[in-house]
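Undergrad: Starting from the given sequences, assemble the full structure and let the hints guide the process.
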Amino acid sequence: MAKTPQEREQLRQARVTARTAAQTPLVGPAGAAVASIILPGLGQILSRQTQRGVLILSAMATSVGIFAWRIAELGRRVDGFGATILRALERRPGFVALVAVVLALVWLVAAWDAYRCSRDRRRPTTGIFALVLAGFFVLGWQIAEIDVVKLVREAPEALPPLSRVMWPWAAAVEYEEQAVTAGADVLAGEGPAPERAPQVEGEPYLLVEPNVGQMTTQDEDFRPVPGTRITLTGTGFTPNTETEIWWEDPVGNEFRPREDGEYLIVTTDEQGSFQLEMTMPYRLTPPSAEGPFIHRVEARQISTVGPPRPSEALRLTISRMIETIFMGMMATFFGIIFSIPVSFLAARNIMSGSRITMAIYFLTRTILNIIRSIEPLIWALIAVVWVGLGPFAGIVALTLHSIAALGKLYSEAIEGIDAGPIEAIQATGANRLQTIMFGVIPQMISPFISFSIYRWDINVRMSTVIGLVGGGGIGFLLVQYIRLLDYRSAGIAVWFIAITVATLDYVSAEIRNRLM
Amino acid sequence: MLEFKNLSKTYDDGTQALKDVSFSVEPGEFLVVIGLSGSGKSTLLRCTNRLIEPTSGSITWDGTDITNADSPTLRTIRRRIGMIFQHFNLVKRLSVMNNVLSGRLGYLDTWKSLLYRFEKTDRENAMRALQRVGLTEQAYKRASELSGGQQQRVGIARALMQEPQIILADEPVASLDPVLAHTILGYLERLNKEDGITVICSLHYLDLVQRYATKVIGLRDGRVVYRGTGEDIRRMTDAEFKEIYGEDAERVGAGPAAAATAPAVNTPEEAE
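Protein sequences, first through last, are from chains A and B. Letter by letter, the first sequence follows residues -3 to 512 of my numbering. Letter by letter, the second sequence follows residues 4 to 275 of my numbering.
Computed, partial: chain B to chain A, Cβ under 10 Å: (1) ARG82; (2) LEU93; (3) GLY109; (4) TYR110; (5) GLN165.
So, partial list: chain A residues that the calculated Cβ filter (under 10 Å) puts toward chain B: (6) GLN422; (7) ALA423; (8) THR431; (9) MET433; (10) PHE434.
Don't read these hints as lab results, they were simulated from the structure. Quick reminder that beta carbons are idealized off the backbone N, C-alpha and C, glycines included.
TA: So this is what it looks like as structure tokens:
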């Protein structure tokens, strides 16, 4: 519905007269605007909007301060005020310009805001604070070194380890390996051919023809002079299996010779035979070692036999996982035992009897709050110093945290007890113990069990990470694998953590639902 | 005979709930205590079995001084005084049966009762008590599964298990709808008439008072401002009425021919 300017003015006047005299601005609209130009927020303060003014002033001061710090950081190693700003502008032109524009905008809007504060004698819209928030967002983007481009560009780098973590099961099994080897001597240089080993029925056999030749060398211009071509014929090997060729020189150096840059690998046929040609490899013996030498060439097969069996990573992961679950359980157990008495001290309805008990109540609450506000990970660091590396340190850390957390939850359960049934049980002539057994415990049992199971759930989840700082459990193993860049084994650990935590989460939620 | 002599109660915060209250209750009487919320009805009832310690004055029951009884004596006194409550005060997570059996606690050996091991005769009696209030089928349900009226009947069965000589009923029908009020009070009347149990009951609705009371005490600000029989209250004058309920109170059809379910007084606290 359109309004004429007169109508609008009337409406405004009506609003203004509705305000009390106490809100009369100390300066006129123009004065307020000028004051806010000089010092953002001053105009609002003078218009009796003190809170708003102080808020604008402190927001402005903070953002200008942070902006100045960032500029100084960007333009360091440059002397002079102007030079620093220029250097910063050069390095991050978008950031500097954007923040400068937002700050200038806030400054101007603050003046307009002061003008309206003074004129309408009431708080205008909160748009200025949205603008301040935008400024902080830009500052935060730069301070936190957020780099979306990098995130996208470097994603392929993360894919190989990530895919190993996501599907690590190749490392979960291993097979027994069996080596099948046969070798033959080759004479490098002049001389009588070395004696061939006799062929035994059922054993692998390697025949080298010829078994006398020259190694690959270099001439005076360092150009390679290829050695003699030799033919390797193997029989009696495992059929259809990859076979590696190895070379052993007279000094005992073993290496895999290459042909056209590729390692020599041959796959045996159905009879377990193969034939391949190769050049005698480059001579590694020093030139001073003149004369004939006997080298050895070997064909090696590594084949897997028997059924797959769990790998060491899998076995270790399972044993650590069990350790972790028990760590969580023991910590919960000790937590429950110790927090029950503590919870009574932290329950207001029980401790409200006298000043002394109230003092104990406040003291207990404070200690519990302090313990609870320190993360179990920090407690684990302290516990490691205390009792050494291993699961016990983790248990100590989790127990401490559990006592504090459960103590609070239990005490709230105690505070939430309905006094009515207790009164009724007392009225039947029951004694104190009977009153507790019939009036108090039935009311507390379900929150107690529910909180305890919830805590167990949390403790197992926490104990998976507490190993990161040496507190034992699967976290210890996980961080080891990650540091060894063994992403497959790490992946197995991650999978086990995820499965365990999800299962526990479900089970504890189910139990709690049934109890409630 | 239960005798209240100059009974006073001042709470720690300075509230004077009872001021110099004296009256007596003959065995087999159905005494109704009336008065506004905060007039001291609940305090008076709770002083009777010392759920609340009176500040001064005395209560004697057949010569036994309740107010100065030591703890074991108090327990033997309490177990002969059943009590039912406005909010039923059942242990909601226990079964109906266990709630009824808890009425026996005052008679039982502590250790056996701590393990919820009750005598066979107690279990039979509990079943009989439930039969009396028509709840045999609910015996093994959780108390929380029952409706308000049913819970109050469990409360009566629990009181019955004490084999009481007196039943204290603290606004037993204030949380129930008016139709149920007659059911509950009907049970109390039968206990009163058939078993000769003395009933001391606080009530809000004047028509209920007229229907069930054999004797009436009116409290206002902790003082007894009205004494009469059930017959007297049926002929109550406006002046007496205002003496109890204050100047603002209005009678709503509380004559002898009053509708059975009409609330007697228009007070905001009534729904409480």
